[in-house]
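A.B. asks: Protein chains in written order, with the working numbering: chain A, 1 to 401; chain B, 1 to 401; chain C, 1 to 401.
Read the hints as simulated data drawn from the structure, not as lab findings.
On a predicted model such as this, the values are computed, not experimentally measured, just so you know.
Glycine included, each C-beta is placed from N, C-alpha and C at the ideal position.
Treat each hint with caution, since some may be false.
To be verified - Counterexamples of contact, computed for chain A against chain C with all Cβ distances above 12 Å: (1) 18; (2) 221; (3) 235; (4) 358; (5) 363; (6) 365.
As the list claims (entries may be wrong) - Below, in silico cross-link-like pairs of lysine-lysine (DSBU-like), each with a Cα-Cα straight-line distance of 30 Å or less: (7) 325(B) to 325(A); (8) 126(B) to 212(C); (9) 276(C) to 188(C).
As the list claims (entries may be wrong) - Which residues of chain C face chain A? A partial, calculated answer using Cβ under 10 Å: (10) 4; (11) 6; (12) 8; (13) 63; (14) 66; (15) 81; (16) 84; (17) 88; (18) 99; (19) 101; (20) 105; (21) 119; (22) 135; (23) 138; (24) 153.
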Amino acid sequence: MYSQEQLLELLSTARPGHTLPQPFYRDAELYAFDMSAVWTRSWFLLGFEAELPAPGSHLSVSIGPNPLLVVRGRDGTIRGFHNTCRHRGAQICPEGNGVSPRIVCPYHRWTYDLDGRLVGASRMPKDLDFEAHSLIPFRIELLEGCVYGALGPDAPDFAPFRAAATSFLRPYRLAEAKLAHQSVLIEKANWKLVMENARECYHCATGHPDLKVSFPVQYPEGSRATDGSRDPAYVAAMRALELPVGPEAGAWWHIGRYALNPGARTVSLDGRTVVKPQLLDVDGQAIGGLRWATEPNSFCHAFGDYAFMFAVLPAGPQETRVLSKWLVAREAREGVDYSLEDLTAVWTRTNLQDRDLAENNQRGVNGLGYRPGPYAEVAEELVVRFNDWYRATAAAGAQQL
Amino acid sequence: MYSQEQLLELLSTARPGHTLPQPFYRDAELYAFDMSAVWTRSWFLLGFEAELPAPGSHLSVSIGPNPLLVVRGRDGTIRGFHNTCRHRGAQICPEGNGVSPRIVCPYHRWTYDLDGRLVGASRMPKDLDFEAHSLIPFRIELLEGCVYGALGPDAPDFAPFRAAATSFLRPYRLAEAKLAHQSVLIEKANWKLVMENARECYHCATGHPDLKVSFPVQYPEGSRATDGSRDPAYVAAMRALELPVGPEAGAWWHIGRYALNPGARTVSLDGRTVVKPQLLDVDGQAIGGLRWATEPNSFCHAFGDYAFMFAVLPAGPQETRVLSKWLVAREAREGVDYSLEDLTAVWTRTNLQDRDLAENNQRGVNGLGYRPGPYAEVAEELVVRFNDWYRATAAAGAQQL
Amino acid sequence: MYSQEQLLELLSTARPGHTLPQPFYRDAELYAFDMSAVWTRSWFLLGFEAELPAPGSHLSVSIGPNPLLVVRGRDGTIRGFHNTCRHRGAQICPEGNGVSPRIVCPYHRWTYDLDGRLVGASRMPKDLDFEAHSLIPFRIELLEGCVYGALGPDAPDFAPFRAAATSFLRPYRLAEAKLAHQSVLIEKANWKLVMENARECYHCATGHPDLKVSFPVQYPEGSRATDGSRDPAYVAAMRALELPVGPEAGAWWHIGRYALNPGARTVSLDGRTVVKPQLLDVDGQAIGGLRWATEPNSFCHAFGDYAFMFAVLPAGPQETRVLSKWLVAREAREGVDYSLEDLTAVWTRTNLQDRDLAENNQRGVNGLGYRPGPYAEVAEELVVRFNDWYRATAAAGAQQL
């Protein structure tokens, strides 16, 4: 393991506006550092309230080596627990979604109430201290239907993100939506390469032939794909609808609205709407997309008819899982109001294309010919921000080693 | 690599009666320590004399990274050798069973006699010192047909185990049995998690629907599944047959007899006998099961009609191979006196269920929410003993680093 | 990582004429040392000029973690570049052969001229220093159609090899040949075990039943398979044809001619010629084979009708890729003048047999029973030379850590 001094020295060689030094993308030791010191200082997106409709609904996701559980209690409150039994350490709920009246470990039936308290442990000594063996909690913040988690006390203040994002997100009523589909994709690349790829559309024109049909990849000088603020007509139209445009941003979050390509009503293979009941319907007017993104692991887009989540789950020094989710209006009926094929095609293809790009990036970064390179100030503005965030958070983590 | 001081400090944090601190189940460094300092201080079960019926019969098994060879010599003696050629280091015999008049390396035909002496090395210089290039031996102990091995001088005294176990094992005449079947199962879990799973039946009632048909998983208060001593009727019946009940135990071994479920004559899918000729026949009376187990790697059960071996072979920090063997009476004819399907079904299914439990245990143990948890004093008594043995053996190994 | 002192001490325990101490064949740290300190001090074979027929032709090969690119420029010059984009570090050209007017990164279309200069980077700031972002070159040497590369300034002087090898190679006109086939084989063994296997034919008589039909594996006392100098009739016949016999050798290279088995005209399943137009035709006379080999990674054989390359590409501590190529006369037409099946069968089978031997060697070397063993002075002469070279090069590399 690197010493604190070595880590700080390595971090000091990272130039702002440039890709990171090679070890950050490659080495097992730095992956362990990321998981123990960077991710524990962050809010990561886990999913949506829409996945937890009733008491006992739960959601199991692993962040690096850490299996986590999000549960809606009998009181309606959503709580986060480490998904590890206090008896022998088994993972309690399998990855994915479920519902059960209590949380029961499949190994020896230790049973926890929905608030994490141990309530049953057959064959243990009578004097077992039940209170001392509750599930270990972790922090949860809910934001207009989105569920964010944090593994330690050093995550940043959530309030500024909430304050800025609420008015953007509220009209979509995501807490009342439903999960239409989810998928997991394995990528043989460090999580930071997957995130850098996800933070720019400089590669979209040639890399994403499907996405670019409806999604803007040729945008005016000095502007990014997801920044509608430079387009006066779009700003005026949104103002008339009382929809904020932004962008607004903090060190670890970003939100803003943007126009789609002319004629496109959503992001789909042909730009046409793919779900009949709308999440947000303003008399059929074109509203473009809303994008919100958080470090270290997510971006989402909401359109009139659906919302899409892209969340990165590190799985090793050079392996990352990408968790994608699609939300639609609760009343939308699969096979009637939408088809999974039409709903998911464009992002599924885009994800597979991005996987190839990220894996190819990893191969090149691993070589002796790799040198940290310069980001394009505008086209890669959000990568620069990711990189700024990473260096600052890693430095804070290294200071406390 | 950990320093001796760091290892001893880490071991000192392990609380008796509790699962081990996280690194012991997870880290590559501690796996290397286990293989070099714990397994070298232990007797491990490799197989049975029944697999080595004639001079030249041999058995090849890998213990961690160490390929080992057990050979019956022309004098009938069974010897253990490292299965590595003294020329270029190739593995000599492939994993599994074989027979050959001499031990010949497939690479350059270096040839060893059955006692390990180099007897042929074509094209080598005339002055090659043959005596200095014998196969490297390791220690073997035979116990009523069971073959145990040890890789170093620090393994415990074998005599007490032999003294206690002989009278239990002798009636089954395992040395005259035959190997009916064997299998290897890969489990993505540290070997100690696989062993802890194998040392208790607390999980059997819900985890092993097939096993529990014939095997006792609901047993009286204060008693374990494989301890018949609390059942006066069973003790009396065995005494009448002059069969010891036990249990008897040392720091690294355990042996004892127990009753099966009412009506069951063996452990099978329906409790009915699966092999016609018996290993041990006492006028058709029910004798239950005999279980003997040794740290670090095995348990066996003998019933009237067959014996089953479960042996753990570490394969990596979070990977273990489980080697299973089934012995039947030598005169039993496959397809006539028994079917492999009926003979093996219950333990094969049980092994697969245990694999899922062990892999799930590994996932939970790897997380930030893992805390060493308490064992149930009675239901997990043998896990406590495994844990006691491991901590003591690891401490002894660490002292000599 | 080992300290310089530890490495030098470990190297000092390696006995000349014996296989290396266990860690050299096994450990991740020593693999990293090999790639950073041994391979960077060496000339490795990458392929042939025949694969780069026109300006823009390129060849992409990875040496360990390092993706490399060999390109023929508009001026006809062949140059080597690290195959890593100077922008975000993506691998530029996929593994294998290709042709394009410029070198374009698939990620964001950064474009390099065939001489490595950055000539296009859309959307980057106007003041981007193009000259500072050229592809990073590596050293190339061409030798009668063979392309050798080196990753650092410490590779040995190439001139003596060129001086000795030219007269042997020139008659085969390899630069005017064409690539008929290539393959990659994954072997689960350290690259040094794969090379040791490739440096001797002591194992051929029993290990390679296909090869030994035409290739000499039973040779006179005191002689190697590929040394024709001990055969006066062969020497005389070659002298009459003005073809040098050799052998000649330096610390890291070796070249020489040898007779095939009686009646064999080439190395094929039956010894009969497999390609109609010849690379080297001396009025149909038998000329045997020409073998040239270089440390750390290659051997080649040229026969009258084809040439075969075997090159080792390390892929991990215990994983190696073997890249094989077959060259034939440019005018030879597949399906008419030769069949790929007949051309490639003998070396493909031999490679697969060698893979099994190398993987088996790795398994044995990993065990506690491994001891460095003695090489046969004559039968393993070239392994001794490989071992001498490795120890000397590793010591030089360790001195400069």
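A.B. asks: Work down the list of hints and note, for each, if the structure agrees.
C.D. replies: Now the hints, each set against the structure:
Distance check for residue 18(A) against chain C: the nearest CB is about 10 Å away, which does not clear 12 Å, and the non-interface claim fails. Non-interface status of residue 221(A) relative to chain C is broken: a Cβ of that chain comes within 12 Å, the nearest being about 9 Å off. For residue 235(A), the non-interface assignment is confirmed: its Cβ lies about 24 Å from the closest Cβ of chain C, beyond the 12 Å cut-off. With a least beta-carbon separation of about 9 Å from chain C, residue 358(A) fails to lie farther than 12 Å from that chain, contradicting its non-interface assignment.
Non-interface call for residue 363(A) relative to chain C: violated, since the shortest CB-CB distance, roughly 4 Å, does not exceed 12 Å. Against chain C, the non-interface label of residue 365(A) is violated: not every CB pair exceeds 12 Å, the least being about 4 Å. Proposed proximity of residue 325(B) and residue 325(A) is contradicted: the alpha carbons are some 46 Å apart, above 30 Å. For the proposed pair residue 126(B) and residue 212(C), the alpha carbon gap of about 26 Å is at most 30 Å, so the pair holds.
Distance restraint check for residue 276(C) and residue 188(C): the Cα-Cα separation of roughly 37 Å exceeds the 30 Å cut-off, and the hinted pair is therefore not satisfied. For the restraint placing residue 4(C) at the interface with chain A, the shortest Cβ-Cβ distance is roughly 17 Å, beyond the 10 Å limit, so the hint is violated. The criterion of a C-beta within 10 Å of any C-beta in chain A is not met by residue 6(C), whose closest approach is roughly 18 Å, and the hint is violated. Restraint check, residue 8(C) versus chain A: the minimum CB separation of about 23 Å is more than 10 Å; hint violated.
The closest approach between the C-beta of residue 63(C) and any C-beta of chain A is roughly 9 Å, which is under the 10 Å cut-off, so the hint is satisfied. Hint status for residue 66(C) relative to chain A: holds, with the closest Cβ pair at about 4 Å, below 10 Å. At a threshold of 10 Å, the smallest CB-CB gap from residue 81(C) to chain A is about 7 Å, leaving the interface hint in force. For residue 84(C), the interface hint holds, the least distance from its beta-carbon to any beta-carbon of chain A being 4 Å, beneath 10 Å.
Because the closest C-beta pair between residue 88(C) and chain A is about 6 Å apart, less than 10 Å, the hint holds. Because the beta carbon of residue 99(C) sits about 19 Å from the nearest beta carbon in chain A, more than 10 Å, this interface hint is broken. This hint is violated: residue 101(C) has a C-beta 17 Å from the nearest C-beta of chain A, more than the 10 Å allowed. Interface restraint check: residue 105(C) against chain A, minimum CB-CB distance 9 Å, threshold 10 Å, status holds.
At about 16 Å, the closest approach between the beta carbon of residue 119(C) and any beta carbon in chain A exceeds 10 Å, and the interface hint on this residue is violated. For residue 135(C), the interface hint holds, the least distance from its beta-carbon to any beta-carbon of chain A being 7 Å, beneath 10 Å. Satisfaction of the interface hint for residue 138(C) is found here, the shortest Cβ-Cβ separation to chain A being roughly 8 Å, below the 10 Å cut-off. A cut of 10 Å between beta carbons decides the hint on residue 153(C): the least distance to chain A is about 13 Å, and the hint is violated.
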